[in-house]
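J.: Per the working numbering, the very first residue in the sequence shown carries number 629; after that it's consecutive.
Everything labelled a hint here was simulated from the structure, so no lab data went into it. Any given hint could turn out to be false.
[Said to hold, decoys possible] Below, a list of computed lysine-lysine pairs in the BS3-like style, where the Cα atoms sit at most 25 angstroms apart:
no. : residue 1 : residue 2
1   : Lys632    : Lys664
2   : Lys828    : Lys792
3   : Lys961    : Lys921
4   : Lys921    : Lys664
5   : Lys633    : Lys664
[Said to hold, decoys possible] Estimated spans, in silico, between C-beta atoms of each pair:
no. : residue 1 : residue 2 : range
6   : Thr939    : Tyr985    : 42 to 48 angstroms
7   : Gly746    : Glu987    : 50 to 56 angstroms
8   : Lys664    : Glu869    : 58 to 64 angstroms
9   : Asp797    : Gln677    : 36 to 42 angstroms
10  : Arg847    : Gly746    : 16 to 22 angstroms
11  : Thr666    : Glu795    : 46 to 52 angstroms
12  : Ala659    : Glu631    : 17 to 23 angstroms
13  : Pro798    : Ile982    : 46 to 52 angstroms
14  : Gly780    : Ala840    : 30 to 36 angstroms
15  : Ala800    : Asn658    : 30 to 36 angstroms
16  : Glu795    : Asp693    : 39 to 45 angstroms
17  : Glu631    : Ala793    : 15 to 21 angstroms
18  : Gly780    : Arg937    : 19 to 25 angstroms
C-beta atoms are modelled at their ideal positions from N, C-alpha and C, and glycine is treated no differently.
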Amino acid sequence: MTEKKRIGVIFGGQSGEHEVSLKSARAVMNALDPEKYTVVPIGITREGQWMTGGDPLLALEQRVDPKLLGREPQAGVVAETALVASSGHLPETANLATLDVLLPVLHGPFGEDGTIQGVFELAGLPYVGCGVLAAAVGMDKGLMKAAFAAAGLPQVPWQLVNRKAWEGDPEAVYQRLEAALAYPMFVKPANLGSSVGISKVQSRAELAAGIAEAAGYDRRIVVEQGIDAREVEVAVLGNDEPQASVPGEVLPANDFYDYADKYLEGRTQFQIPAAIDAATSATLREMAVVAFKAIDGAGLGRVDFFVERETAAIYINEINTFPGFTAMSQYPKLWEATGVSYRELLDRLLDLAIERYRERHR
Numbered sequence: 629m630t631e632k633k634r635i636g637v638i639f640g641g642q643s644g645e646h647e648v649s650l651k652s653a654r655a656v657m658n659a660l661d662p663e664k665y666t667v668v669p670i671g672i673t674r675e676g677q678w679m680t681g682g683d684p685l686l687a688l689e690q691r692v693d694p695k696l697l698g699r700e701p702q703a704g705v706v707a708e709t710a711l712v713a714s715s716g717h718l719p720e721t722a723n724l725a726t727l728d729v730l731l732p733v734l735h736g737p738f739g740e741d742g743t744i745q746g747v748f749e750l751a752g753l754p755y756v757g758c759g760v761l762a763a764a765v766g767m768d769k770g771l772m773k774a775a776f777a778a779a780g781l782p783q784v785p786w787q788l789v790n791r792k793a794w795e796g797d798p799e800a801v802y803q804r805l806e807a808a809l810a811y812p813m814f815v816k817p818a819n820l821g822s823s824v825g826i827s828k829v830q831s832r833a834e835l836a837a838g839i840a841e842a843a844g845y846d847r848r849i850v851v852e853q854g855i856d857a858r859e860v861e862v863a864v865l866g867n868d869e870p871q872a873s874v875p876g877e878v879l880p881a882n883d884f885y886d887y888a889d890k891y892l893e894g895r896t897q898f899q900i901p902a903a904i905d906a907a908t909s910a911t912l913r914e915m916a917v918v919a920f921k922a923i924d925g926a927g928l929g930r931v932d933f934f935v936e937r938e939t940a941a942i943y944i945n946e947i948n949t950f951p952g953f954t955a956m957s958q959y960p961k962l963w964e965a966t967g968v969s970y971r972e973l974l975d976r977l978l979d980l981a982i983e984r985y986r987e988r989h990r
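Could you build all of it, start to finish, from the sequences and the hints given here?
T.: This is the structure:
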């Protein structure tokens with residue numbers, strides 16, 4: 629009998645997507661095949677302290693709003709979970725060397741931006757997902773857009789705002805944005821996902837409020853031209869020879885697909901495959917692979933597009949290098965529609981992590 633692999637599933641973290649990570653981790657841990665893997669859960673608190681032993685996932689779930697996670701708090705778990713001694717938010721002992729593969733189910737800064745990937749590289753362990761460079765570029769919307777432009781991918785007009793410049797002379801920033809873009813605009817923190825901190829703005833007053841909101845999450849803020857478009861997503865899987873899933877369309881219940889609807893209300897609907905013609909579908913899948921390669925992606929990614937309603941023009945929006953893995957998440961649903969089940973998807977991601985590790989260490 630083949631010995632089971634020990635998989636370190638890491639979740640939580642210090643970003644604004646902490647709760648999303650917990651939901652994703654719960655789904656992932658429930659889906660990993662117990663005949664193949666021994667799951668070793670590793671939590672990271674909002675303060676950056678690592679947690680092992682006991683049930684760190686439930687311990688972290690108890691610390692957030694139970695309504696947000698849809699779970700009832702249970703007593704006695706926090707006391708059974710050890711807080712690992714840490715220095716500068718790095719674990720001194722977390723038994724990482726005993727693991728075969730690390731699966732970082734982390735979203736946003738300090739988890740999806742190359743920082744923790746650097747820790748894994750120093751530990752010399754295979755891990756699921758992009759490396760340091762791809763994770764960093766994929767997290768920062770400003771750098772991501774520069775990489776997409778270099779790859780020749782079409783994008784809506786956009787501007788980058790520095791928080792300090794805005795605080796120093798907000799009027800100059802508003803004038804620059806209004807000269808380059810038209811309302812409506814979308815204001816986003818450069819280094820965050822899951823629609824956290826994003827605003828759709830229709831006026832100067834809303835623009836000011838939107839920048840203030842985004843500036844609470846990041847020092848770099850992206851402002852994009854809003855267009856009347858359909859939102860279409862494509863999942864990518866692979867390393868040097870990635871494959872793309874069938875496209876799926878987001879049908880948001882709110883004005884746009886915001887955080888509340890993604891993780892709280894759940895009223896948005898998805899059409900998979902998207903109701904688009906074969907030529908458009910093929911173009912989207914090809915562009916998704918180009919985008920993935922443009923940042924030197926590895927393992928997985930979800931590429932989001934706009935398809936303008938009036939002209940059918942395609943614009944790339946962004947790539948998410950570790951998309952949500954919750955029950956409502958698009959990434960696993962897109963692959964399921966393409967013929968890859970949730971459990972098989974996790975198997976392939978773990979295999980890809982080992983493949984990439986071996987290729988890098990040839």
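J.: Of all the hints given earlier, name the ones this structure violates by number, lowest first.
T.: 4, 7, 8, 15, 16 and 17
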